[in-house]
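Can you build the whole structure from these sequences, using the hints too?
Heads up, the sequence shown is in the numbering used here, so the first residue is 3 and it goes up one at a time.
Hint data in this document are derived by calculation from the structure and do not stem from the laboratory. One or more hints might be untrue.
Derived Cβ-Cβ restraints for the label pairs, each shown as a range [stated by the list, open to error]:
(1) Glu-135 - Arg-33: 21 to 29 Å
(2) Glu-176 - Glu-268: 45 to 53 Å
(3) Arg-168 - Ser-235: 38 to 46 Å
Ideal Cβ placement from N, Cα and C applies to all residues, glycine included.
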Amino acid sequence: MQIGIVGLGRMGGNIAVRLTRHGHDVVVYDRDTSAVEKIVARAEAGRATAASNLADVVAKLNGPKKIVWSMLPAGEITEETVMSLCGLLQRGDIVIDGGNTYYKDDIRRAKVLGEKGIDYIDVGTSGGVWGLERGYCMMYGGPKAAADYIDPILAALAPGIGDIPRTPGRDEGENLDPRAEQGYLYCGPAGSGHFVKMVHNGIEYGMMQAFAEGFDVMYRKDSPLLVEDERFSLNMADIAEVWRRGSVVSSWLLDLTAQAMTKNGELSEFSGEVNDSGEGRWTIEAAIEEAVPVPVMTAALFTRFRSRSGNTYAEKVLSAMRFGFGGHVETKD
Numbered sequence: 003m004q005i006g007i008v009g010l011g012r013m014g015g016n017i018a019v020r021l022t023r024h025g026h027d028v029v030v031y032d033r034d035t036s037a038v039e040k041i042v043a044r045a046e047a048g049r050a051t052a053a054s055n056l057a058d059v060v061a062k063l064n065g066p067k068k069i070v071w072s073m074l075p076a077g078e079i080t081e082e083t084v085m086s087l088c089g090l091l092q093r094g095d096i097v098i099d100g101g102n103t104y105y106k107d108d109i110r111r112a113k114v115l116g117e118k119g120i121d122y123i124d125v126g127t128s129g130g131v132w133g134l135e136r137g138y139c140m141m142y143g144g145p146k147a148a149a150d151y152i153d154p155i156l157a158a159l160a161p162g163i164g165d166i167p168r169t170p171g172r173d174e175g176e177n178l179d180p181r182a183e184q185g186y187l188y189c190g191p192a193g194s195g196h197f198v199k200m201v202h203n204g205i206e207y208g209m210m211q212a213f214a215e216g217f218d219v220m221y222r223k224d225s226p227l228l229v230e231d232e233r234f235s236l237n238m239a240d241i242a243e244v245w246r247r248g249s250v251v252s253s254w255l256l257d258l259t260a261q262a263m264t265k266n267g268e269l270s271e272f273s274g275e276v277n278d279s280g281e282g283r284w285t286i287e288a289a290i291e292e293a294v295p296v297p298v299m300t301a302a303l304f305t306r307f308r309s310r311s312g313n314t315y316a317e318k319v320l321s322a323m324r325f326g327f328g329g330h331v332e333t334k335d
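Listed below in structure tokens is the structure:
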């Protein structure tokens, strides 16, 4: 298939390259012309075409349906892009938003585009800077027919079943989508994909915070505040490594933590000033609307706020994990 990719940052560029590796053709555009040139050079020969603006992207797409994937930060730039595409595309075409958009914005945009007969699909995309090789876990929503139409695109981006053991009894389960085992899932109407991804990120906040706090407790076990025979000098990198081997807390987040600590157990290259992408806040807002208690995720978000006015080893662990999976640079000045 042929698809336009708008936004060639850490994830958008790799999405474009991965698609060309799986036999798809891409028309790529970014406000940074050097980013466009780099992606065309990295893509499979002849499968990536540069575009100079949104109108050029649409003009260079062909086929029965024109498909454009926006991979931009949530907010004004995505709003402008989607609304511009609404004016450029025709009935039956498809707009995909794969960024971290607030799901209520998806619902609103889908209605606006739907009035013109353009299908809007929101794709919550997880995989960070590793997605090019590992593939992307995707949760998506929108009109079912349009979602089925772009299935070859999503299948190419997804990681596939790989070497992860199958969940026992899944073959006998009713109403279970086989695509979930491949790493992508149709969640329902517009907004549902980003809603599921939003909650995913809220959970991520809590998991990261638990690791960060635990390592901080161990890091400070040699504190002079303790009686001398209760002080331990513990090696953080070795602890992270041994936990990776058969422990019930083994995970990709722990893998990334071990990598960072192996390079520098003090994590001195990280400031510990931890940003948030907005999805943690939105998850908590949704929980409030539903009267669902989420104390862990709330505490994790508030800790990120506090980290920006002074931080501890725990926040450096959080910074190291964010850099590991997403390339988020939070180094000292």
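Hint numbers contradicted by this structure | Failing hints: none at all.
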